[in-house]
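Line by line, the protein sequences give chains A and C. Numbering follows the numbering used here, in which position 316 of the first sequence is assigned residue number 316; successive positions increment by one, without gaps. Numbering follows the numbering used here, in which position 190 of the second sequence is assigned residue number 190; successive positions increment by one, without gaps.
In case anyone wonders, no lab produced these hints; they're calculated from the structure. One or more of the hints may lead you astray.
Any copy, or any two copies together, can satisfy a pair, since identical chains are not distinguished.
[What the hints assert, rightly or not] EDC-like mimics (lysine to aspartate or glutamate), calculated; alpha carbons at most 20 angstroms apart, straight line:
id : residue 1 : residue 2
1  : Lys-101   : Glu-351
2  : Lys-324   : Glu-334
3  : Lys-347   : Glu-358
4  : Lys-50    : Asp-601
5  : Lys-347   : Glu-39
6  : Lys-49    : Asp-605
7  : Lys-525   : Asp-548
8  : Lys-85    : Asp-341
9  : Lys-522   : Glu-256
Number of protein chains: 2
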Amino acid sequence: MIKIEFGNSFVTDAVVDINYVKVVPQTQLPEFIAVNQGENFSISYGMKKKDIVFGLGENVGGMNKRGGIYESFCFDEFNHTPDKKSLYAAHNLIIVDGERKFGLFIDHPGKVRFDVGFTDIDTLEISMENPNFNLYIITGNSLKEIVKKFRKAIGISYIPPKWAFGFQQSRWSYPDMTSITEIADKFRNSQIPCDTIYMDIDYMDNYKNFTIDKAKFPEFSEFVKFIKNKGFRLIPIIDAGCKKEKGYDISDEGIENGYYCLDKDGKPFVGAVWPGHVYFPDFMNSKVRTWFGDKYKILIDQGIEGFWNDMNEPAIFYSEGGIKKAFEKIKSMEGKNIGVDLYFQMKDTMEGISHSIEDYKSFYHNVDGELINHYDLHNLYGYNMTRAAGESFVKNYPDKRILLFSRASYVGMHRYGGIWTGDNKSWWEHLLLNIKMMPSINMLGFLYSGADVGGFGCDASAELVIRWTQFGVFTPLLRNHTTLGTRAQEPFAFDVESTDIFRSAINLRYALIPYIYSEFMKAAKESECYFKSLAYEFSDDISRRVEDQVLVGDSVMLAPIYTPNTFSRNVWMPEDMLLWKVGDYTDFNYSLHPKGHHFIDIELDEIPLFIRKNKILVIGNHSHNIDSIDQSEITVIAYVQDLATYRLYNDDGVTTNYMNGDYTELDITIKIQEDSKPQVLTNLSENSIIKKINYLIVNSKGQLFKL
Amino acid sequence: MIKIEFGNSFVTDAVVDINYVKVVPQTQLPEFIAVNQGENFSISYGMKKKDIVFGLGENVGGMNKRGGIYESFCFDEFNHTPDKKSLYAAHNLIIVDGERKFGLFIDHPGKVRFDVGFTDIDTLEISMENPNFNLYIITGNSLKEIVKKFRKAIGISYIPPKWAFGFQQSRWSYPDMTSITEIADKFRNSQIPCDTIYMDIDYMDNYKNFTIDKAKFPEFSEFVKFIKNKGFRLIPIIDAGCKKEKGYDISDEGIENGYYCLDKDGKPFVGAVWPGHVYFPDFMNSKVRTWFGDKYKILIDQGIEGFWNDMNEPAIFYSEGGIKKAFEKIKSMEGKNIGVDLYFQMKDTMEGISHSIEDYKSFYHNVDGELINHYDLHNLYGYNMTRAAGESFVKNYPDKRILLFSRASYVGMHRYGGIWTGDNKSWWEHLLLNIKMMPSINMLGFLYSGADVGGFGCDASAELVIRWTQFGVFTPLLRNHTTLGTRAQEPFAFDVESTDIFRSAINLRYALIPYIYSEFMKAAKESECYFKSLAYEFSDDISRRVEDQVLVGDSVMLAPIYTPNTFSRNVWMPEDMLLWKVGDYTDFNYSLHPKGHHFIDIELDEIPLFIRKNKILVIGNHSHNIDSIDQSEITVIAYVQDLATYRLYNDDGVTTNYMNGDYTELDITIKIQEDSKPQVLTNLSENSIIKKINYLIVNSKGQLFKL
């Protein structure tokens, strides 16, 4: 890819491997890209009518971004309705897939706006509020090639521990030992596998980072052990803002050392989040990153093995200055006959105090002695918070994998942690958004990702949580999470029949771990995607526009149900496929379908799993958590017309020894012979963990061979 | 249908024809309905797994309501996200279509809650906050039969003038003569047909009902004529709340005569809407209805021929008491360290002042001398405002049809006016919601209805407005409308190519008037539906669950495009069908498809129109408005396997003479003979307006006969 520098851009460390980058002068900008100097600085491209535009990672809209305006501006967007332009991330990669195929990565830490044929139906216009940015242009013959080139330049994705691929349970909040224990026991009693329980903000002493509320957890490290003995890990939340409180060491240390962001007068900037007034660590400063990152040790020393970094856009409920102005404005309206104009002003005043641009423009980062306005670096904040933790983990625990994921992100953060897609809602529309978003997020290298399954805001129906879980079975991060005050939505929170369906789906997840983990690790190591749009692998016009089916790894296609009361759907099969409607995963009932459009019945307790032609799926067995899975036996499920091969990757799942070659790769080859019978070529080494392989092989005639 | 009285219910006048009602005692409640006396009063039904539940008219969710909670509580729901439970209407009809088939109509003027298998997956529970209601139970062999029985009992639907079937243009606002004239000229210059231009709140003098801002319209009646000479009618908005202002006659008269709702101390209740402080006419009082209804004459006398009644849930921005409390609460927070709890309280305080339950409970209606709390009658308010206008029109202009539709409604209001579906957004999701809602609304008799095409809130893309208009071509009320500050979305507001597509679609609308008007009038006269779910006509399991296709009248099925960047879709054809992809309606290009699933290509400029087997579509010609259409020639388009018949209804379109038999019915019969050629049996009477009929007849072999 080529890099063209405009102005004097801040170094974001998004691109780290310069071997894949060729810097060229502005004069070598391709002729199809126009540069426009207007009120904002923009570049534009004249799209052809049927060009498809992929990219933008975590954002609203479809896989095809055409027809909308999007912004990269990390934002605490709790209510992401279809008119919103920005979510929690800034993923400035956009790829035109048409007559001309190319990707553009805008490396710019400020707000970037992508008008993808909204204002003018055929114009892609990307604008920045200041002209300092690096433009990377990636050409290639396919979406896949472009993504791969880009990924090579931004570095290898974060790899979580294997147990982080288990089912995870969260809510705001299981606030204390009793509630956590109760949830843990309910999982075990209902025989639903689960690996982690999340600790939302209430575990802290007054929402102070790296503290524990002693009233709720008198012996925290003992409790961590107690829960771990039940087979669960606890995952506490860490917020960006640190409570302003004399005597609270993080508050005091940060002030003493000048580690917090400053206001225009050079005093620590005060915003407000959960505890009220907070300071914001200046994560742009490497010393602050080291300081803050090392604080995670406080919890790790008590047995904690994973974290989620939240509110790091950063979310700011209000600033001291902002709320003062709002109060004055509101008071000035008192006693007036408030009609249409003042009424909306009044509403806007209160709405406007949160996450306000004015506040973001009112504080500063100290970058090597230079004060830079936060607004201009806004999109790097969450990235560098997570980088702080990630770098500290590598330094302090070089051999251990620690679970880490973040709400806000920028390109490059994928090297330090995963992401979840933020505060969605229990809307069917957000299940579909989740499906559409996964391939886009994967292009940026955020392989360890997922949505709040069942939806965070609002009450969920059993059916919604079931259908969402059935999709979530395939997302690397599979976490059921909901907010304060909503209906309980754990897998055992509904009726008995629903619980049975959840159990089957989650058992399948655990059985799929050999495949999911193998595909995840290969995608990470080879700069590939784990979730892919059909356009990624198929170039026909129908596949390129499919928005409600995805590929998972090399062998599987999904066509989830994402509407209520739905027991059938249309499925486009871009090639011949084998359909396994999975209820109980030990029951392999299949049907073959030729390439084409198919209308498929799918009952509430069925997950339709499509195995591609000449591809192989590997499953194992479920257990109550990842650590306890018996790995000695696997089942190979294959749909072979002539020849299928698969490389099954595995490693210890908890250390970083895989980096030193400490992993296994089992090559499986299945040939169909002239008599239509399969021949299997697989060599188990003597010291292999796997001792037995079962084969379920379907040939093109639909004959099943059990070997 | 049977009627069972519970408690002492308020007389709503929803049901008007007692010939269709049999009153039975509570002891005769069918055994499958359970009555539960708990905190609320509820009735419940144990659903079978695959029961489908239709109904609830204007509300969120699908055609099949199962899996959600809905409320009937007329509400100014500007932001109708999927978690909302109530929109602007209270349409308490719910129909179980399963092993057992029956409808329930809850005639109750207060809030009604329908839990359709949300809390318990198999239980339909309908609860009321007080036990005074009439329960109607309608049994039948089909959805269609149940709806028809119900409709017979609630009376004949409102019939608008024929010109109200033309294209209509609105926005908040075309505030003055200049802007209205400009819009009118743009329609004529771009050769896009249009019949009306809407006047939103800014035409009034300080938002005072029945006044005109003299600065904007110095000679209003002259301007009405001027615009009518250009071929447009002006449609002003009327709000429920009347400005509190000494010297404003409506304010003064209402106070003098005690025509306004009262607070608990017997003083006129003061809320606030557009002009700030307003009084709310007590529409429950027949004298007030007469007084207010007669006020429409003020505008009719100036040449106005249609109205839209708005804000009549009623919307209340705040009450005097409510805003005072809110100010106190906000001030009490000043200077505090506002953390998570106070922060949300602060936000809720400002959110909570609008349309608050507390306010609705704080004022009273005078019903025959008895003061009844508004909250208990809430859902009747908009209904009775529109009834006020409708009754006055019948009294004052018995021969003339006047356009009238309302935002809020209750069952029975369909006799007085139509409805639009309120303040939707420029979201693709709301186009789909519009599609799903039309059959539900039709069941309640609200035949003259439609959504704000293109979406009211938010900015719209050309593509969204195009696809929405392509569906809107079939809604009786076809109005493009958007709010203050959004992107212009008139059919000429985008690029030239889009304008061409809008022109084709709207030309088609005008050409379809013979069919649309005929089907509308027959549906009204025969208590039938104009928009129907497939479940209405087809009983197979696939048809019963289709949520994104609808039937329009007797001959046509629609399968609209409702997602962006989409140029194809799956279509379920419940019987053999003839597909006409309409671009230019004078170009009849067709294809035949057998019953089954089909994947159909649909370009942006195409409207896929499916003509049913043995059915007939009649089209005419377009013109710049309805009045100027040449009705002398029609084209009959038919797909005939053996025999097709059609009755084409028509009348003068402006008077009520049709009630006295002054209408025409042309019977068209087409037989396919043994040689596969069609034989046409149609007799034009000598005095028929129609002088020429062209026939385009396709037989089952796909042969086209032009006769």
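Enumerate the violated hints, using their earlier numbering and listing them in ascending order. Violated hints: 1, 5, 7, 8 and 9; rest satisfied.
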